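K.L.:
Residues per chain, in single letters:
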Amino acid sequence: MDLPVDRFAEAHILIWDKTSPISFHRSETKMNNNKEYTLYNEKVMDHFMNPRNMGDLPSADGVGEVGAAACGDIMKISLKIEDGRIKDARFKTFGCGSAIASSSMATELIKGRTVEEAMSFSNQEVVDALGGLPPVKIHCSVLAEEALKAALEDYVKKHPEAASAPAKGEPAKA
Amino acid sequence: MPRPPVFLDHLSSTPVDPRVFEAMKPFFTEAFGNPSSLHRYGLQVREALRRAREQFAFLIGAENADDILLTSGGTEANNLAVKGVAYANQRKGNHLVLSETEHPSVLESIAFLEKQGFTSTKVPVDAQGILRLDKLREALTDQTILIAVHHANHDIGAIQPVAEIGQIAAERGIAFFCDATASAGWTPIDVKAMGIHLLSFAPHRFYGPKGVGVLYRNRKARLVSILHGGVQENGRRAGTENVPAIVGGGLAAEIARKELPQRAEKVRALQKRLMAGLAAKVPYLKFNGPPSGPLRLPTNVSLAAEFIEGEGQLLLLDHLGVCVASGGSCVSKSLKVSHVLTAIGLDHALAQGSIIMTLGKENTEEEMDYVIETMAKVVERLRGMSPMWDEFQQGKIDSTVAPRGVGRSFTEHAAEVSGHREERARR
Numbered sequence: 000m001d002l003p004v005d006r007f008a009e010a011h012i013l014i015w016d017k018t019s020p021i022s023f024h025r026s027e028t029k030m031n032n033n034k035e036y037t038l039y040n041e042k043v044m045d046h047f048m049n050p051r052n053m054g055d056l057p058s059a060d061g062v063g064e065v066g067a068a069a070c071g072d073i074m075k076i077s078l079k080i081e082d083g084r085i086k087d088a089r090f091k092t093f094g095c096g097s098a099i100a101s102s103s104m105a106t107e108l109i110k111g112r113t114v115e116e117a118m119s120f121s122n123q124e125v126v127d128a129l130g131g132l133p134p135v136k137i138h139c140s141v142l143a144e145e146a147l148k149a150a151l152e153d154y155v156k157k158h159p160e161a162a163s164a165p166a167k168g169e170p171a172k173a
Numbered sequence: 000m001p002r003p004p005v006f007l008d009h010l011s012s013t014p015v016d017p018r019v020f021e022a023m024k025p026f027f028t029e030a031f032g033n034p035s036s037l038h039r040y041g042l043q044v045r046e047a048l049r050r051a052r053e054q055f056a057f058l059i060g061a062e063n064a065d066d067i068l069l070t071s072g073g074t075e076a077n078n079l080a081v082k083g084v085a086y087a088n089q090r091k092g093n094h095l096v097l098s099e100t101e102h103p104s105v106l107e108s109i110a111f112l113e114k115q116g117f118t119s120t121k122v123p124v125d126a127q128g129i130l131r132l133d134k135l136r137e138a139l140t141d142q143t144i145l146i147a148v149h150h151a152n153h154d155i156g157a158i159q160p161v162a163e164i165g166q167i168a169a170e171r172g173i174a175f176f177c178d179a180t181a182s183a184g185w186t187p188i189d190v191k192a193m194g195i196h197l198l199s200f201a202p203h204r205f206y207g208p209k210g211v212g213v214l215y216r217n218r219k220a221r222l223v224s225i226l227h228g229g230v231q232e233n234g235r236r237a238g239t240e241n242v243p244a245i246v247g248g249g250l251a252a253e254i255a256r257k258e259l260p261q262r263a264e265k266v267r268a269l270q271k272r273l274m275a276g277l278a279a280k281v282p283y284l285k286f287n288g289p290p291s292g293p294l295r296l297p298t299n300v301s302l303a304a305e306f307i308e309g310e311g312q313l314l315l316l317d318h319l320g321v322c323v324a325s326g327g328s329c330v331s332k333s334l335k336v337s338h339v340l341t342a343i344g345l346d347h348a349l350a351q352g353s354i355i356m357t358l359g360k361e362n363t364e365e366e367m368d369y370v371i372e373t374m375a376k377v378v379e380r381l382r383g384m385s386p387m388w389d390e391f392q393q394g395k396i397d398s399t400v401a402p403r404g405v406g407r408s409f410t411e412h413a414a415e416v417s418g419h420r421e422e423r424a425r426r
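Residue numbers (numbering that gives the first Met the number 0), protein chains in the order written: chain F, 0 to 173; chain B, 0 to 426.
One or more hints might be untrue.
[Unchecked claim] What follows is a set of in silico ranges between Cβ atoms, one per label pair, in the way DEER data are often shown:
| hint | chain 1 | residue 1 | chain 2 | residue 2 | range |
| --- | --- | --- | --- | --- | --- |
| 1 | F | Asn49 | B | Ala110 | 39 to 47 Å |
| 2 | F | Glu81 | B | Pro123 | 15 to 23 Å |
| 3 | F | Glu35 | B | Gln166 | 36 to 44 Å |
| 4 | B | Arg90 | F | Asn40 | 34 to 42 Å |
| 5 | F | Gly54 | B | Gly344 | 33 to 41 Å |
| 6 | B | Ala192 | F | Gly131 | 48 to 56 Å |
| 7 | B | Asp317 | F | Gly54 | 23 to 31 Å |
| 8 | F | Asp127 | B | Lys395 | 30 to 38 Å |
| 9 | B | Asp65 | F | Gly131 | 51 to 59 Å |
| 10 | B | Arg49 | F | Glu35 | 24 to 32 Å |
[What the hints assert, rightly or not] Here are the simulated lysine to aspartate or glutamate pairs, EDC-like style, with alpha carbons at most 20 Å apart:
| hint | chain 1 | residue 1 | chain 2 | residue 2 |
| --- | --- | --- | --- | --- |
| 11 | B | Lys376 | F | Asp45 |
| 12 | F | Lys42 | B | Asp317 |
| 13 | B | Lys395 | F | Asp55 |
| 14 | B | Lys271 | B | Glu361 |
| 15 | B | Lys82 | B | Glu99 |
| 16 | F | Lys86 | F | Asp45 |
| 17 | B | Lys376 | B | Glu365 |
| 18 | F | Lys79 | F | Asp45 |
| 19 | F | Lys34 | B | Asp317 |
| 20 | F | Lys86 | F | Glu35 |
| 21 | B | Lys257 | B | Glu21 |
| 22 | F | Lys79 | F | Asp55 |
[To be verified] Listed below are several chain B residues computed to face chain F (Cβ distance under 8 Å; list not exhaustive):
| hint | residue |
| --- | --- |
| 23 | Phe20 |
| 24 | Glu21 |
| 25 | Ile307 |
| 26 | Glu308 |
| 27 | Gly311 |
| 28 | Gln351 |
| 29 | Met387 |
| 30 | Gln392 |
| 31 | Gln393 |
| 32 | Gly394 |
| 33 | Asp397 |
| 34 | Thr399 |
Since the hints were made in silico from the structure, they are not lab data.
From a predicted model like this one, the values you see are computed outputs, not experimental measurements.
Built from N, CA and C at the ideal position, the CB exists for glycine as well.
Input sequences plus hints: build the corresponding full structure.
P.N.:
So this is what it looks like as structure tokens:
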């Protein structure tokens, strides 16, 4: 996490105290009450506090639900797909702040992409778009990638014709 | 922020009492001497340390101020107690007995000793988190040199039967170390009546400053130093004393002892109000540890909201001005579920949704009502985002707190979707 630089800039003001015989200087440490101290960066907090695309799609074309064995988080992504392109996406997440933010960001990023493009989606995109995640929370973005891919697989299973449509080509598998 | 935040994390630390702060001030600037010095500056400070030792002894009913060892904090006091007793008695035996729900500073000190040839036995607790005395008796061998059981648990507030443990220790002639960092200043402690040979606590948990810890050691209990390079604390803890913190801690201890009945009564009433209000307002909530009463610390409320995770609750509560701790898994640095919640047999999914609220003397009834109302909102909001809540509504999974007999358990469900993931990873 970034250090709150502005806080430290004003934290240590050395004052020459000529009146006291023993204490030669005094250090004033102030706490900045106007600053919001948060666990994650602004972007992650924004996506946690105001999640985008939270919910379900009643007539989803593909739904993926995955769990992370490491921490027990569970993520579900629903996709609406038309003409091989992701028209809409929704998520529901049981997990920590960064898991909720990761699924919110992942659904934002993949809307408008073709199924083929979405198949090569990487968790790094989520991390970058969120302006970074703490190392111990990177797995949250991995879970978002996996939930998306599980939803795409579900779509392909239900619509084999879409997957083999010549114009769209084979889903790109890394 | 529309209202000042409600601080419900007194387990982590407390604000320094203004009287304590005033008492500390001269020891930073005027009475700054090193107590080991032989001139007036040193001697002046030595007297202040002596007074603090007496105040610490007063808090825990110790007869002799010389039995008080001063350290840098609760963690160091626990390390010194465990390692110091183990090394001092290694000719006598190599077996250490502890409860499953000790603080990491005790657990990991013992794990460290195990790498050097010591062995240990962890005694289980019951579903409320109370040590099983029958299992403790079974665990003791003729090689046992230390019994380490905390007074009250940090996470779930369970008060251990220390007097009974003290009696068992006395019968067997084994040293009994009790970590009282969660209880000191909030629950009466009498080391003599409880048969405790070593006891640790930290004044910053009861309105004293950080940077000082106390280890009471009955002179009959052998202890060697783990910090070397000085004769401080009769050679049992080298290093210059943190004089201002010790002076402040001493006064905090004296005040805590004098005000203990009023403080305990006040927070106990708040605890009852908070627990009853949450139980009434938030469905599918489980309280961990014993009910509010003699077996529970008056300061601690530990709960788990089903179908949601703890960190999200913590973040939203903080945003709404309620500062709490999480006992769940996804808490900033570690992904592990609290060993205490595992020890009381809490379902993994529930343990993930666990929150710890710890009360202090400055909390009010109005604050409790705000917390209850806010908690209800936060839980509702997060359940609205949780796929598990949907699946519970649809009857696919069942509640652990109030089972309806429909659907499989959350844990089974989680294992299956995690299984899917591993299957996908293999392909």
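K.L.:
Going back to the hint list, which numbers does this structure go against?
P.N.:
2, 3, 4, 10, 16, 18, 20, 23, 24, 30, 31, 32, 33 and 34
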